[in-house]
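Engineer: Each chain, written out:
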Amino acid sequence: MSENVIELVNVRRYYIVGDFCVKALDGVSAQIRKGSFTAIMGPSGSGKSTMMNLIGCLDTPTSGYIKIDGEYTNNLTEKELADIRNRKVGFVFQQFNLLGKQTALDNVMTPLLYAGVRGRERKERAEALLERVGLKDRMKHLPSELSGGQKQRVAIARALVNNPSILLADEPTGALDSRTGDQIMELFQDLNDEGRTVVFVTHDRGLGMRCREQIFIHDGKIVEAL
Amino acid sequence: MVWENIKIALTSMVHNKMRTLLSLLGIIIGVAAVVAILNLGQSVSESITESMNVGGIDMVNIFPSGSSRELNVFDEAFGGTLMNNVDGIEAVLPVASSTTRVRSGQDILSVSISGVTSNFFEVNNAELLYGEYFTALDNINRRQVVVLGKDVADELFPVGNAVGSYVSIFRQSSKRYLVVGVLDEKDSTLGNSFDNTIFIPLNTYGQRFRRISTMSSYTCKVYDGVDATVVSDNIENYLNDLVGSDYFMVMSAASLVEMSQEVMNTLSTFLAAIAAISLLVGGIGIMNIMLVSVAERTREIGIRKALGASPGVIMGQFLVEALTLTIIGGLIGLLIGSLISYAIVNLAGWSLYFSYSAVVLSIGFSMFVGVFFGWYPAAKASKLDPIESLSYE
Chain A
1 MSENVIELVN VRRYYIVGDF CVKALDGVSA QIRKGSFTAI MGPSGSGKST
51 MMNLIGCLDT PTSGYIKIDG EYTNNLTEKE LADIRNRKVG FVFQQFNLLG
101 KQTALDNVMT PLLYAGVRGR ERKERAEALL ERVGLKDRMK HLPSELSGGQ
151 KQRVAIARAL VNNPSILLAD EPTGALDSRT GDQIMELFQD LNDEGRTVVF
201 VTHDRGLGMR CREQIFIHDG KIVEAL
Chain B
1 MVWENIKIAL TSMVHNKMRT LLSLLGIIIG VAAVVAILNL GQSVSESITE
51 SMNVGGIDMV NIFPSGSSRE LNVFDEAFGG TLMNNVDGIE AVLPVASSTT
101 RVRSGQDILS VSISGVTSNF FEVNNAELLY GEYFTALDNI NRRQVVVLGK
151 DVADELFPVG NAVGSYVSIF RQSSKRYLVV GVLDEKDSTL GNSFDNTIFI
201 PLNTYGQRFR RISTMSSYTC KVYDGVDATV VSDNIENYLN DLVGSDYFMV
251 MSAASLVEMS QEVMNTLSTF LAAIAAISLL VGGIGIMNIM LVSVAERTRE
301 IGIRKALGAS PGVIMGQFLV EALTLTIIGG LIGLLIGSLI SYAIVNLAGW
351 SLYFSYSAVV LSIGFSMFVG VFFGWYPAAK ASKLDPIESL SYE
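Same order as they appear, the protein sequences are chains A and B.
The first sequence begins at 1 in my numbering and counts up one residue at a time.
The second sequence begins at 1 in my numbering and counts up one residue at a time.
Same shape as in the complex, but just chain B (with noise of 0.2 Å):
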């Protein structure tokens, strides 16, 4: 009996093609603002936690803009000054950064070049593949001495151990620079990159690369346990006060994180009020189109009530019509909504996570629309009076 009544459904659906679909749009749009929803926020909060597994979420970095005299507090003192007067940082890493090209033998590559102090690559958490990181005597010394990211040691020396070779590194002429390490495989932080860059000590990089009159940038760690956002904006507030807001930035993934989670908490909020008035106003379209298809069917009630349907037979067809209609809306409504979370997904550079729930969700909520707004309609049809229902013309 339900799949015969699905089968009439269909064929009056397949009858009356446009008339479906545009009774069907407030389903659609309501659905597919829902699934979007929930496969956006599960995409947002897998993407929040993987970049909280990368790391760099206890970092707050600080990039000195512009030019001016202004720029001259950001030197290689600072940051002792930001420890003295900020709360909450273990570590202020001062970066000098440039690009050059470096050779060894024949091969000649362009890279970033950095100058940082030794605690650098282990506040980073930046590991060795080989050799050894430099250390706070090569610094003070000014030893031409370099740690090579992956990608730099891979192309420059494709086989055999780079430690202890020697690597020529361009300024006006070139110098010699002693490999004393090459570091692992390491994703960019916001402040730094890592396999493609290569490291000196911050002093050798000051004295014998290029004078340092600004750092290009401060990667600052804070203690565990203490929430970055709040160091970030305190950061913020002290530079504020110290140069003006014109002269700097700072950036955290903590409030990056917090950023993208009060976008996504605004889309949502958005989308679910798209998504609830759509419902309605679906739900409404399907009780018009039932009523319509009601009083069109009105004979073929009185027919089938002729023939011994029962109030409740015929109720149960209405009742399976609307569930059809609104079911089929609701899978409809699933495709775009997929689609269009897909498409943002994409956009935001995040990963697609599918939300299994979004597809239990859309079709309950269809369901609950299409009994909710059907009901009215089938006990309609199922209250007609057999003897009118035939005469009618």
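The following block holds chain A by itself, in its conformation from the complex (with noise of 0.2 Å):
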């Protein structure tokens, strides 16, 4: 019995939208598993999105309760909802969001800055991961110099230098050709044979399938299928 690493309980996130109240999440529970691979389904308006940045504590909920790798994330400073981006969750996103004036390089080692890791240490442990993501000969480029595919990698070793407890992709092969899609997914299948949970955030069924586990969201509810 391996434990959760995410956890929801009762999570709801409403939004006032003039005189209209927008329930993007209504009274969502979900565990993943720590070690998992995930998908979180649904199309587009189900509040899927609104999931994965309350997860990714970039959101907090209206009500409810999240827990991250055991910290609850309720009643957090900006400061604090920071520090947990930073060191558990890794962000890979559909366009990329390379800083695009930084090198690859500057840009896998962002994250270390702001977890105070010292020059030396940022630079191998950043080399070391674009090594990972097969972009060893591409350190020193700029993003506008790289194609979407090596981009894309370019910020799954982003999303990993800090070793986070959760890899939180959304449409990550969504801007992509199929043949560089296909590639990226089996980046993510092999990082979690290594161990990494994945969650991994599409409206697309067919790579919602290719994921272990899925979690189907409908109108603001998880639901048992679409």
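Just so you know, these hints were derived from the structure itself, not from any lab.
Hints should not be assumed to be uniformly reliable.
Said to hold, decoys possible - Heads up, incomplete: computed chain A residues facing chain B, CB under 8 Å, no partners named:
no., residue
1, 78
2, 79
3, 82
4, 83
5, 85
6, 97
7, 101
8, 103
9, 111
10, 113
11, 114
12, 206
For every residue, glycine included, the Cβ atom is placed at its ideal position computed from N, Cα and C.
Reconstruct the complex from the two isolated chains, following the hints.
Structural biologist: Next up, the structure:
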């Protein structure tokens, strides 16, 4: 019985838009085990992005509890939330979200900078991860000089560099052609085989079913199937 | 972390060179003005101190001018009249000057020649290198004796002592004068020069060299502790009543110093006003460019927050960026201000005294402007919502 790295207990997230109350998440409870490869699936507007933002501590719930790797995120300050994002969560985005004016290496070193890791160690760890994702000879390149697949590999290296508890990927193949997308998907599967917990947010049924476990979301609630 | 932020700031400055330069203009002008004020102030006050040391600060010079019957009052006895009518004057030295040629052996020189009274040298602190001054008796008896300035003596008598030798001074015909003394080197005062001048007794000058209708100038020494500028003003008032303002000029080192201080004060006020306005405008320029920078980099801020940058870290990044910007502006301003003050000082003929407090102050000013006007944009950046920022296009 492996422990849960993510626990959501009756989580609600409401937004007030004008006179309306949008219930983006409406009472979601879920557990994600350490070392699992879980897809959060649902059509656009279902609330899966909200769920990802909450798990990634970019957002806080209106009510309910979220526990990330043993830490409750309720009532944390901005600084404490930033610290959790830094130490426990590695984000991979659809649009890569690399820092455009910085080299691949600088991009990968950035989370370590915020973690207060010293310069030499930052460089060593970032280089090791870029090598791991197959970009040893692209370290000094700017994002604009890299292909889509290479950018996403840099983003994955950056997500992993501070050794997070969760790798949180939001449609990571959405901006890639299918062949490159497959390669990125394989990289996630390899990382999961090495013991990484991967949470994969997608609206693509085909991709979602390639993950080992699935959570289906519809209209802000978890459903058995879509 | 600070170093990384400086690097980020410099990178973005290099990417937007023109924009950066324009937004820094206010700071550059402001700091340049401050530096110029301080350097000039320092240079002027040092120059004044220097001129005090040179001497002549306790002298007031009167120069009769024009040619008119009114000028008849400026005779040898005028000194006494003046001392009777204006307080604070210790001595009045009448001087009659022209130019002539002087010969010793084969050497002929063009020099200034001054007819002076025997107390002229002592009052002017003109010290002897060799020999003696001529005496009151020499003056009364119109003896043909001469005291040489240092340069004249060096030219005419390159070897040996001039004292006891004779020189020929040309008028219509040449006349022989006995050299009784040689003066040591001495800087010119407002009224008199020394090194390239020869001095003969005033009466000898009038009798044997050239008839004196009007004195060339009068050098008035004021008593110790008396303000020369006040005496200068009183002399001017007295002469205005006596002959009218067209026929004389009164000059004193003290009033020149006063004048240059007044000019300096006006200049300082003017520059300080420019500095204050420029720094304000410059600061607003900085705030503007930082707001633009924050808006342009909303997505970057979102990414950084997702990677674990706390609000404080983001705030720090943009404050360091504003500071980097303003410090660079300050350094450019420091350079330009130094060049300006160097140019002005050169034109005015003072010597440049670099004010080190200008360096500290200019960097301090720019840092203050950076923090003060960079605070709001940085705070704004730090409060951005990460989710909204990440979806910002």
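Engineer: Which numbered hints are broken by the structure, listed smallest first?
Structural biologist: 8, 12
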